[in-house]
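Trainee: The primary structure of each chain is shown beneath.
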Amino acid sequence: MAMIEIKDLHKSYQMGSNSLHVLKGINFSVEAGELVAIMGSSGSGKSTLLNILGMLDEANEGSYELDGVPIKNLNETKAAQYRNKFLGFVFQSFNLINYKTAAENVALPLYYQKMPRKERQEKAIKYLEQVGLKDWATHLPSELSGGQKQRVAIARAMAAEPKVLLADEPTGALDSKTSYEVMDLIQKINDAGNTILVVTHEPDIADMCKRIVHLKDGVIVEDKKVKQVRAAQYV
Amino acid sequence: MFRIDRWKEIIEVLTTNWFRTLLTAFGVFWGILILIILLAAGKGLENGIKADFGDIATNTMFVWTRSTTKPYMGLPIGRRFSYTTEDVESMWAQIPNLRFVSPRNQIGSDTPNVTKGVKKGAYNIYGDYPEIIRQDPLGITQGRFINHLDIENSRKVAVIGIGVVQDLYETDETLIGSFITVQGVNFKVIGVYKKEGGGGDQNAQKEIYVPFSSFSRAFNRGNRVGWMAVTAQDGTPITAIKESIFDLLKKQHRIAPDDKRAIGHFDLYEEYSRVESLFGAMRFIAFFVGFLVLISGVIGVSNIMLIVVKERTKEIGIRRALGESPFSIKLQIMMESIFLTILSGMAGIVVGALFIYGVNYALTLTGPVDMFMAPSVNVGVVIGALCILIFSGLLAGFIPARSAIKVKPIEALRTE
Numbered sequence: 001m002a003m004i005e006i007k008d009l010h011k012s013y014q015m016g017s018n019s020l021h022v023l024k025g026i027n028f029s030v031e032a033g034e035l036v037a038i039m040g041s042s043g044s045g046k047s048t049l050l051n052i053l054g055m056l057d058e059a060n061e062g063s064y065e066l067d068g069v070p071i072k073n074l075n076e077t078k079a080a081q082y083r084n085k086f087l088g089f090v091f092q093s094f095n096l097i098n099y100k101t102a103a104e105n106v107a108l109p110l111y112y113q114k115m116p117r118k119e120r121q122e123k124a125i126k127y128l129e130q131v132g133l134k135d136w137a138t139h140l141p142s143e144l145s146g147g148q149k150q151r152v153a154i155a156r157a158m159a160a161e162p163k164v165l166l167a168d169e170p171t172g173a174l175d176s177k178t179s180y181e182v183m184d185l186i187q188k189i190n191d192a193g194n195t196i197l198v199v200t201h202e203p204d205i206a207d208m209c210k211r212i213v214h215l216k217d218g219v220i221v222e223d224k225k226v227k228q229v230r231a232a233q234y235v
Numbered sequence: 001m002f003r004i005d006r007w008k009e010i011i012e013v014l015t016t017n018w019f020r021t022l023l024t025a026f027g028v029f030w031g032i033l034i035l036i037i038l039l040a041a042g043k044g045l046e047n048g049i050k051a052d053f054g055d056i057a058t059n060t061m062f063v064w065t066r067s068t069t070k071p072y073m074g075l076p077i078g079r080r081f082s083y084t085t086e087d088v089e090s091m092w093a094q095i096p097n098l099r100f101v102s103p104r105n106q107i108g109s110d111t112p113n114v115t116k117g118v119k120k121g122a123y124n125i126y127g128d129y130p131e132i133i134r135q136d137p138l139g140i141t142q143g144r145f146i147n148h149l150d151i152e153n154s155r156k157v158a159v160i161g162i163g164v165v166q167d168l169y170e171t172d173e174t175l176i177g178s179f180i181t182v183q184g185v186n187f188k189v190i191g192v193y194k195k196e197g198g199g200g201d202q203n204a205q206k207e208i209y210v211p212f213s214s215f216s217r218a219f220n221r222g223n224r225v226g227w228m229a230v231t232a233q234d235g236t237p238i239t240a241i242k243e244s245i246f247d248l249l250k251k252q253h254r255i256a257p258d259d260k261r262a263i264g265h266f267d268l269y270e271e272y273s274r275v276e277s278l279f280g281a282m283r284f285i286a287f288f289v290g291f292l293v294l295i296s297g298v299i300g301v302s303n304i305m306l307i308v309v310k311e312r313t314k315e316i317g318i319r320r321a322l323g324e325s326p327f328s329i330k331l332q333i334m335m336e337s338i339f340l341t342i343l344s345g346m347a348g349i350v351v352g353a354l355f356i357y358g359v360n361y362a363l364t365l366t367g368p369v370d371m372f373m374a375p376s377v378n379v380g381v382v383i384g385a386l387c388i389l390i391f392s393g394l395l396a397g398f399i400p401a402r403s404a405i406k407v408k409p410i411e412a413l414r415t416e
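As given, the protein sequences belong to chains A and B, one line each in that order.
Position one of the first sequence corresponds to residue 1 (the numbering used here), numbered consecutively onward.
Position one of the second sequence corresponds to residue 1 (the numbering used here), numbered consecutively onward.
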């Protein structure tokens, strides 16, 4: 069964008197364990698609099922619950909370699951260890490099053990060496069986995924499986 | 529900910008401080003025005679008359809800009228019933006051003031059982009093009380009564029944019913109510002004919370993306606001209490001040202030909390 199932998705924004039709009927499904790159120039609608997939935004038309659960007409509380349970987010600008330490940032989604404090801290350390930042657990984001921040963000996204990891330009703010390190990490997480969607406009990053979906002017123009380039060889 | 993380976060948020938090807190602190000081000052003034009333039974009026101002039933204008013991009896018989009626006679003199041995002095001498001590309290320091047996047997006994003792006695002389001579009549001293309150008036300590019957006999008053102190039962203001008393007295003494000036009186209850309502108004003003100042502090808190929410829009977006429920975010903002309000309010209460303590201490050092005594606020007011604080904290947090969850997570994330 498909992990993500999207049918005839439409989204338009009201900009004053004229409306901007961003997504014009997207049909798209992702199996469990896939690593998909969503590509497109700016304005192609890739971020909008990701936001809808991430339940941060809602479509005007069409259906969206996540692991068999229809995502429709959610109130904010329900959406928050689903996001917490089903999804992990990685953002271009890392979006760490700057007055919390790396470990506290990682533990945050677990806090919203009302996991006991001690268990939460242990788990946060475990995930930091997986991204190689165990020794940085008590550091504030301001004391970390860009690549380290993104690794903390990935640890945070993985901590809640989500069904799908959504990454919005995860390497957009990083130099190419660090970008490859982050992609290497993403590939390893995918190797462990996790479903990952990466939005990017960099072809070399897209090539490191297993499948590339091209978006142009709100429709999918190309959807192909590719031979994955391992990031490890560049590191 | 106490959650350590929740509180940690509150502290973290409030301490990120110390100076701003302090300034905000100061608004509420100031409001509560002013509220407390105003209330305490009002209370101090009230205590000071009420001390002038002393322990006197406030539901009391004093009635005396004047001359008639209207001719009536063939009697001329300007006639003088006198109350009698019969008036007292008919008052008891016909006026309901009376508590005490004390007829009094009085002689006073500018020239010495009391002697003891070679010493002498000029004092007011009262012929009284035992009940007078419950209408105009005297502190008996030695012996006893007049009782009903003294009245029945017309005993020639006297209760003298501490001022009289100072004038007529040596320091270590035995007082009880000694004799004083009042206008040629010997009275045996049975008690000494010291009057509390009354603003420390020296003359109030220089009076002599003797039984009403003995007074009448010794000084030829027959059944005449100089004036009366009338107290009504609790729950019946004397002001409400005084007209019926006047009507009765007018009937007894053949005074025109519309003669307003023949009977003189002083209504203590009316005076006291006037003072009471004045203090009621003062309390209201204190509350009102204090509350307004507090409100401006609360608006300050609300303002800052709005700014904090604005600053944290992105953070709130991240939290929501990670799955924090809107309710939890709302709760967080509300708790921050209430915590800040209560903390600064408590500081205000504590400083206010210290201030009051200081004023009281200064008052004990300098001695009593006119019309001001023991400023204080009671626990009820403090609890009330706390309730106001919690309420205002809620109020201050409400709008910011709402604006925090109104932002869509996607929009919050876009904010840089």
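Don't take every hint at face value.
As the list claims (entries may be wrong) - As a list, the in silico SDA-like pairs of lysine to any residue whose alpha-carbon atoms are at most 25 Å apart: (1) Lys408(B) x Ala192(A); (2) Lys114(A) x Pro326(B); (3) Lys85(A) x Arg3(B); (4) Lys100(A) x Thr171(B).
Calculated directly from the structure, the hints in this document are not laboratory data.
Trainee: Hint by hint, note whether the structure agrees.
Mentor: Outcome of the hint check:
Proposed proximity of Lys408(B) and Ala192(A) is contradicted: the alpha carbons are some 33 Å apart, above 25 Å. At most 25 Å may separate the alpha-carbon atoms for a hinted pair to count; Lys114(A) and Pro326(B) meet this at roughly 15 Å. Restraint check for Lys85(A) and Arg3(B): the C-alpha separation of about 22 Å stays at or below 25 Å, so the hint holds. Proposed proximity of Lys100(A) and Thr171(B) is contradicted: the alpha carbons are some 81 Å apart, above 25 Å.
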